[in-house]
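Sequences listed follow chains L and R, in order.
Position 451 of the first sequence, counting from 1, maps to 451 under our numbering, and the rest follow consecutively.
Position 169 of the second sequence, counting from 1, maps to 169 under our numbering, and the rest follow consecutively.
It is worth saying that the hints were derived from the structure and are not from the lab.
Mixed in with the good hints, there may be bad ones.
Here are the simulated lysine to aspartate or glutamate pairs, DMTMM-like style, with alpha carbons at most 20 Å apart [as the list claims (entries may be wrong)]:
id, chain 1, residue 1, chain 2, residue 2
1, R, 102, L, 469
2, L, 472, R, 118
3, R, 134, R, 118
If you want the footprint, here are the derived chain R segments under chain L, 3+ residues with CB under 8 Å [what the hints assert, rightly or not]:
id, region
4, 68-80
5, 92-98
6, 107-115
Bear in mind the structure is a predicted one, so any value in this text is a computation, not a measurement.
No residue lacks a Cβ here, since even glycine has one placed at the ideal position from N, Cα and C.
One letter stands for each residue in the lines below.
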Amino acid sequence: MAAIQETRDRVASLGEKYKYGFVTDIEMERAPRGLNEDVVRLISAKKGEPEWMLEWRLGAYRRWREMREPAWARVHYPKIDYESAYYYAAPKLAAQPKSLEEVDPKLLETYEKLGIPLHEQKLLAGVAVDAVFDSVSVATTFKAKLAEAGVIFCPISEAIRDHGDLVRKYLGSVVPVTDNFFATLNSAVFSDGSFVYVPKGVRCPMELSTYFRINASETGQFERTLIIADEGSYVSYLEGCTAPKRDENQLHAAVVELVALEGAAIKYSTVQNWYPGDEEGRGGIYNFVTKRGDCRGHRSKISWTQVETGSAITWKYPSCILRGDDTVGEFYSIAIANHFQQADTGTKMIHLGRNTRSRIISKGISAGKAQNTYRGLVSVHPRAANARNHTQCDSLLIGKECGAHTVPYIESRNPSARIEHEATTSKIADDQLFYCTSRGIGQEEAVALIVNGFCREVLQQLPMEFAVEAQKLVGISLEGSVG
Amino acid sequence: MSMLEIQNLHVSVQGREILKGINLSIAAGEIHAVMGPNGSGKSTLSYTLAGRAGYEVTAGRMMYRGEDLSALAPEERAAKGLFLALQYPVEIPGVTTMNFLKAALNAQRRARGEKEFDAINVLRLVRETAGQLKVPEEMLRRALNVGFSGGEKKRLEILQMALFKPLLAVLDETDSGLDIDALKLVADGVNALRAPDRSMLVITHYQRLLNHIVPDRVHVLADGRFVAEGGKELAHELEAKGYAGLVRDAA
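Chain R on its own, in the form it takes in the complex (with noise of 0.2 Å):
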């Protein structure tokens, strides 16, 4: 079953084009990554699949699980189990980590009809999962990104990943600024939510995050359009040639 279907999106920023025409498909249970140059079109991909205003949908059109997702709010996808892991995690001052997961949590059980959970039982998952995941309990008592490191920040964003169990998680540049062993860490809680009904886009200026999350389909974004697709050893290509061996190839 197709789980994202992306067919010639051209997305604009207060009126500058950025994406030129994108095709993409991704089927249930598959990992995709897009890689690209610094202002190739990456991040605009991922908040435009999220709904971020301010990101205009000039032609074309996203199908997620065959519905249209120009027409719902950030927080019906959210609730519909589209996930976007941000490259640059927000401070919320005064809002414990825990208090704005229980928030989420709840809030999107709201849309989709199901019962809330109470405070004991949001403790008891958070706490779990946050186990699995080695994020520190104390973590989850400070305000929410709040004089977190790097690495704590996109910890956190995993942690949200595996309590929301959404069906595609879009995962924007989660390995920048990660030492090698945080990178290890998140990479291991990414996988381990590797199923056959979850997919993955993972978008990434370097390789190595691909060595441990490895994708079914690699594809290259330059100055807003796909200039190359193809299966995992892609990935090494570009390693070796760089961006503009690349792009210089496919013009």
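Only chain L is shown next, with the shape it has when bound in the complex (with noise of 0.2 Å):
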């Protein structure tokens, strides 16, 4: 029939639907393959950084060798020869950057083809961008603007130096460098990633964004971002991420910190788009990643939002820490797998103030012959009165081939505590796509819109500049999920 061959023709065609697969050429410096105290002593050398700086990931390092890679995820993949990978990759330059016109041209194009111009004038009106390719922060825009304001804005690696204070009191307290085997390897080898800090009472006069890239092959991507909103200020951060097709599959492990001082208020919203891997499931990101927030002064609020469509897996919790009383902490997740993605994700909310909140969304969508799992805990300690949490898992099947789990895990250790727990799972139902078509709507646009229905409390999470490709991306990563 012509309608099944055409359907064939057109998940055939799935692998050029990623349009950020595009390689840059670039003369690139690395390290030797491999992880050694040479390689931990090279990138700490490379980056120029003080001397606590290389204990520190040394420290890291040794306590690395003696860790395991955990096991307990419904994800399952072929072992990763830690031994054979670059741990550091950075565009050669002939010296450091000081402005945007000493960037390589190529690098500059290289955002361009993936929307994110960095030209100030350019740029979408109120967001600063900083652009972090393989291994190197490349461009950090409107710096002078949030300096006005006293916000730091900036690559890490240059917080290391120009911060060291800041940087040192607060990296690594929210993610211990012991807490799990990534962020550990993340401790010794990150290389750079982005720095926020917002000075009392300062609102952050507007939206930080960092883009990740991945362009060279075999390398990981270890970047470390850590967000320090001081008390009484607000702060809303994105990040965005995308890397090339290859057919290899590239490990990114990042660790975000972020941390919210009395009555501050940070906003983390997430794009991730990294290379799925094809229609047959090779290749693509290994996205292990550990994001935690610490609600660590009074009244202070903290809010994820997430829109995963990308990655050949998915391992990554962003959580709260709900330590001050009156914290709030939001998780809000929108989890796409399609083809043979695989994606292990939730969040956790740890109450340990009193009078303490927590809110949960998560939808998963589930398509071709992806896993999905939704996986949270909430823990209410003795001294968290009143605490209450709502938490909604909502999954969307797509065909016969696919799952989706929810495995929450809720744990409370006080009686007033009040935990409400919600959970769906659906399918696209075929009169719902019946109506859509004999309507004049066709196949793929009715997916679309069906699935950004039923995300639609978490897309309206994210800020307005960010919704609207959000919500295109939905539409794009289900392409070919119906036959």
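With the hints in hand, could you dock these two chains into one complex?
What follows is the structure, encoded as structure tokens:
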């Protein structure tokens, strides 16, 4: 039948659908393959780091040697050979660029292609961007305007040199060096990432955004992000990620730490679109990421919003430690897995303070042969009187060969806690699709429409500038999922 | 000019033959009614015309304005001016009615090579049409059909018909579940759309809808075949005798 053939053709052409799959041909400088103390020292020396930072890294490296890769997640992949990967790759530069004019035009071109122009005058109004290419930050825009407000937004390598006291005080204070296998590895070899400090009482005047790009082959990317919102301040931060299409699997093990002091609020949004692998499950990024926020001061708030559409494997649990009294943690998530993608994602809400509140809304969409797991922990400690949590986990299945799994852990050690958990699993019904097509809407657009409706509560949490982009991405990632 | 020519149509659903050789000819501007008891194949006829998957044409053909419908996907049929008002309109959570209408309108325009409407034009057009059909604005902001009453759902179907301006509208039991006031509202909406270049196929179980939407021809469907055909007075005869009487007469 014609329709079936058309579907086959469409599925076959899907490999071409990942439009960020190009490679930038640029001369790279790399550390030798494999990981040992010399590589750690080399990375630290390349970055011109102070002694304390090197010691911190070496401590992490020694600890990592004794650790085992976790195996509890519902993801399956061949054993990673940590000795054959590169841990440092940087575009070769004559000298560190001082301004955008000195940045290699090829790099600027790359970001243009990704739709992220770094020339300030061309930028989306009101969004400052830090661009990280393989292991180094290549450009940060709007620095001067931010400095006026007292906001520091720079590559973390620069912050280690120029704002050492702040970094030293907060780095590893939310995700300890020994936290888990991937976070510890990151602590040893992280090469760059973003650093944000918002001073007391300041409302950051623009959205901050970092775009991460993996370009080099056989290279892991280990970025580190640290955001500190001082008392009574507010910041909204967004990260986006893309990578070239390659047959190999590449490791991405990032760490993000957020610290909200008294009365501060941090909104952290992610649109993750790493290369997901092809329709046969070849290639794609292994995304093993540790993200955690600490509501350290009373009345502080941390809100995570994530749209996860890429990566072959996603292992990621952005969490909130609700340490201060009257603090609020939120987690809004859309995780889409198509073809052979595997996603194991969720959150941890750790209620330590009194009157702490958390809200979890997770929307998981599975298509093709993908497996999608929500894994979440809500933990109420004895001191956390009147803690409240509301969790809603909705799964949507497209087709007959995919799977959705929900693994909620709930621990309450305080009798005054109120915890609610709701979960649903549904399918895109034939009658919904028929209704749309009978009104002239094609199958693919109908799926995108229905899925966007399913995700609406989460999409609404994204900053305006990115909500439209995210909606389109939802549609693109599910192309070819209905046949 | 002929709008629809159905010749010897046989349709099977999951291997079971439901329509067993149907002939139907509708000229432009005509309204035809198909009546019949439950299980006679009325909804199968409407789904087959709209192109729903699983409704397999095993013999015969449906020519729509000279074109074989079987070769077209449901969305292509819609773009070419075929509209089906469903007996049970479907809920789509999270998608606002306005958004859905915009997506549908523009998808049809795109398929016809026309310029898409921008958000403001859609808003204006939908509001204006909704006002004429007494569809409250608040309904347009709610998720499509979610929590709508039976009457609201049917009114929204008629609103879509008014927006899409189809050449052939198939109304599948649009009267079912409506009280008399809602029925009148829907019928007024349909009558307002009567035009010399627009044909309608009104499928109904009861005669009462045909008091409000007066058909040119009435066809009685029983067990997958037309067993009686006539003018609008046939509907009244049917009301008096009941299906059983008529089917017996025919046999």
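For each hint, the structure was consulted:
no.	hint	result
1	R:102 to L:469	holds (19 Å)
2	L:472 to R:118	holds (17 Å)
3	R:134 to R:118	violated (24 Å)
4	68-80	holds (count 6)
5	92-98	holds (count 4)
6	107-115	holds (count 3)
Violation of the numbered hints given earlier is confined to hint 3; every other hint is satisfied by the structure.
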